[in-house]
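**Q** Residue strings, one per chain:
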Amino acid sequence: MGKYLARRAAQLLVVSFIISVLAFLLVHLLPGDPSVTILGTNDTEANRAILFKQLGLDKPLWQQYITWVTAIFHGDLGQSYLNHLPVTQILTTGFPVDLELIVISQIIAFSVAIPLALVVARKPNQPLDTASSTAAFGLLALPPFVVAPIMVAVFAVGLGWFPATGWVPLTQSFTENLHHMILPSLAITAGSIAVYYRLFRSDLIATLQEDFITMARSKGLTNRRIMWRHAFRPSTFSLLAAAGVNIGALIAGTFVVEFLFALPGIGYSLVQAVYQRDYLVVQGISLVVAIAFVLIQFIVDFIFTVVDPRVVRE
Amino acid sequence: MTTPAETPDEITRRSFISRSAVAGGAVVLAGTAGAALAGCGSSSSSSGGSSTSGTPGVGTGQPVKGGSLTVGILAEIDGFYPPSNHWDTNGFLYANTIYDPLVAVDTKGNYAPYLCKSITPNSTNDTWTMTLRPGVKFSDGSALTAAVVVSNYNALKASLLTGQALQQVVSCTASDDMTVVYTLQGPNATFPLGLTSQLGYVVGQSMIDAVKSGKANPTPVGTGPFIYESWQPNDHFTATRNPNYWRAGLPYLDQITFKPIPDTVQRESTLKTSGIDMMISSDPGTIKRFENQSNYQMVDTRTGVIGEPTVAYIALNTEQEPTNDLSIRQALAHGLNTAVLLKIFGAGIAKAMTGIFLPDSPYYSETNYPAYDQAKARQLVNAYKARHGTPTITLTTIPDPKIIQVSQAIQQMWNEVGFDVQINPIQQADLVTDLVVGKFQAITAYQFGNVTPDLNYVWWSTTTISPIGKIGLNFPRNADPIIEESMLAGRHATDQATRVKAYQTVNERLAKDLPYLWLEQWLFSEIAQDRVQNFANPTLPDGGAQYAFDEGIFVPTQIWLAG
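Residue numbers (numbering that gives the first Met the number 0), protein chains in the order written: chain A, 0 to 313; chain B, 0 to 562.
These aren't lab readings, by the way, just hints derived from the structure by calculation. Be a bit skeptical, because a hint or two may be false.
Unchecked claim - Per the computed footprint, the stretches of chain A lying under chain B, defined by three or more beta-carbons under 8 Å from a beta-carbon of chain B, are:
1) 76-84
2) 145-157
3) 274-287
Claimed, not checked - Not the full set, but computed from the structure, chain B residues with beta-carbon under 8 Å of chain A:
4) D77
5) N216
6) P259
7) I260
8) V264
9) Q265
10) S268
11) K271
12) G274
Glycine residues also receive a C-beta, built at the ideal position from the N, C-alpha and C atoms.
With the sequences and hints as input, model every part of the structure.
**A** Dropping the structure here:
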């Protein structure tokens, strides 16, 4: 396993290097004078000086890259030329929001999808299976920007159970934080529930038709024991792979929900930076998000080795 | 400064006419010098909503001290430093919280001292002497002095963003500790009104020094009713009561928090669920929805505008082919059916504009602005075609679905009269850049909203025209010597009759030159829970009512919360 993980770690480093080069080139691929292109009407002397200092635009490209990477290793991802906030500050304030959104939404998604698939897989093609599969299709077809306003109208404005917008830091109040995060999390959960449910259900049904399950049944093992002891683990591969990709995509990919619920996450910051051509923020956030995505895939790969040791041998 | 994917109508409105004034670079000045009456709100502004008691926005009963007010605003700002940050409605709300303007506007549209004790001209109106109020302290404990005001002026003058707006000021000097003297290039009887804008908000010397030493966005230091406490962009800005505020007994609130909630429907929902106490909107749909709702107070800009309203328009570049041809601009104007556009956009309440002034303005006059007339438009296009071939127009806008929908309606209208119209959707920041450097034929924007037309000088003057590709604040590059002459005549006039005549001439010339195709008055509203008292009824430091509400900007000093 050690060799396998070392090989994956080496791949991770190569991918991270490529990502860093691409993120670095983002600024340099802009047409014309990068400072004019980046700053636009904000091309003031002060902003230009900041930009040149940050990017070292007067040096050869390779030197600029080294300077940039060295600064990153010192925790300096540059700063917004719009509000002059360091990108690291934007990330450290926004990341907890995204992390919470992802964690809560995934807990909800797994809590709904896995038990439902376990129940349905035992008796496929029954009314419950048909109903849940139809519902899953429905959920897949409902993007967060449709779900969110409906939820707000019903649960916030109508019933008054949850606040319509806003965020309270965890450090300030745990209950208030949770209270504010439920609706946004639910809004992005719908798609995950559908995907996880359908994948896990299919894999479970397939696993339950394997010879080793028949053998277990012939030994007189209870359904519960067969399901949890023998069928569950081998059926989670697709689920794990999908969760890895899904969670990666949710980092900074929740901007619609952040926008609608006025959450100060990095997804919203990233989109705003794109719209405002705040390229250094785009560059910094893109780099961190891409590397986080790669790291998550690495963690998923590691979990695969635990769930199915054959992965290492192959 | 615009945000992505805003929903329903506000998004549309906010971005369609893509906030030239507020969004970028030097253009901001429109939103500042112009639009913003910065610290001036107005009790005389319109009240459109319903309230359980009395006039919306006017407090009843005895003021109550204490409490915390949370306000939902349109978007986030880029900082607190007047010389370099782009203040729009949201910026001025922040500014009114922690700073004070030197001058404010009363409900009749006249300037009135605020942070200054007096401001008086010499006999020829080309030198203005300002005396500061004694005993005013900044939040860092330093005193307000003439030297600090001059230091602020120097920073503003040196700024690319604000410098052009101070073009008329030759010098600003401190004649003693508390007296500042402004020397102008020529007479200007309404000069102090310019100091109601971003140019008139005074920050502490320590803040200026911090910027000079390389700190780009230092902690704000002001004399305002509240003191900066925390700012997390896109989440909140909070300020707490200034215990040493120079206006005795004020402010009433202990704390005020602004929360940017870019989606208008979500902002409304948050108000309804008491997540905020008050909200700003520039969506006519919001006005419509809150018009008859009990438990809320609403004021809006359908009436009571002093000077000129904020106006949505399509700017036509007078230096680019084919819009450099007057007959083409006339054809575009005749081919534009604003009534249809307002049906799509205006929720049945937005007003079409045919000039910069509303009918109740003293500067309003009937003009020969081209009416919707397809036959006339076709005739003009055909005449052009005979000379140059089919005129191709690129309408630059932003890629919001609803904005595109309206742009397509305009495209269809113009195609019907013989144009070949392409829509060029570009990002907001690019749009603002194109606007200021003149890289457009037709472009959507909204702007103006000044308390005095003199503040439009930078936008309409022949002196602010630059070659295409260079920053020029006269966006359409309309070089009309009569407008220049009239703007200066208005500026130099000491009597209202001359001023009225001058600005009516400007309005008429704009209708003749057609650098702008006027679309609609850009409405703002302010809606609050009933317990929020007196948000549209501020008074001036020396007594008298202050112009309290314009462009969604209010003064928080005299707001209180009913028990």
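**Q** Each hint needs a verdict: does it hold in this structure or not?
**A** These are the hints, each one checked on the structure:
no.: 1; hint: 76-84; verdict: holds (count 5)
no.: 2; hint: 145-157; verdict: holds (count 5)
no.: 3; hint: 274-287; verdict: holds (count 3)
no.: 4; hint: D77; verdict: holds (5 Å)
no.: 5; hint: N216; verdict: holds (4 Å)
no.: 6; hint: P259; verdict: holds (7 Å)
no.: 7; hint: I260; verdict: holds (4 Å)
no.: 8; hint: V264; verdict: holds (6 Å)
no.: 9; hint: Q265; verdict: holds (5 Å)
no.: 10; hint: S268; verdict: holds (4 Å)
no.: 11; hint: K271; verdict: holds (5 Å)
no.: 12; hint: G274; verdict: holds (5 Å)
When held up to the earlier numbered hints, the structure conflicts with none and fits them all.
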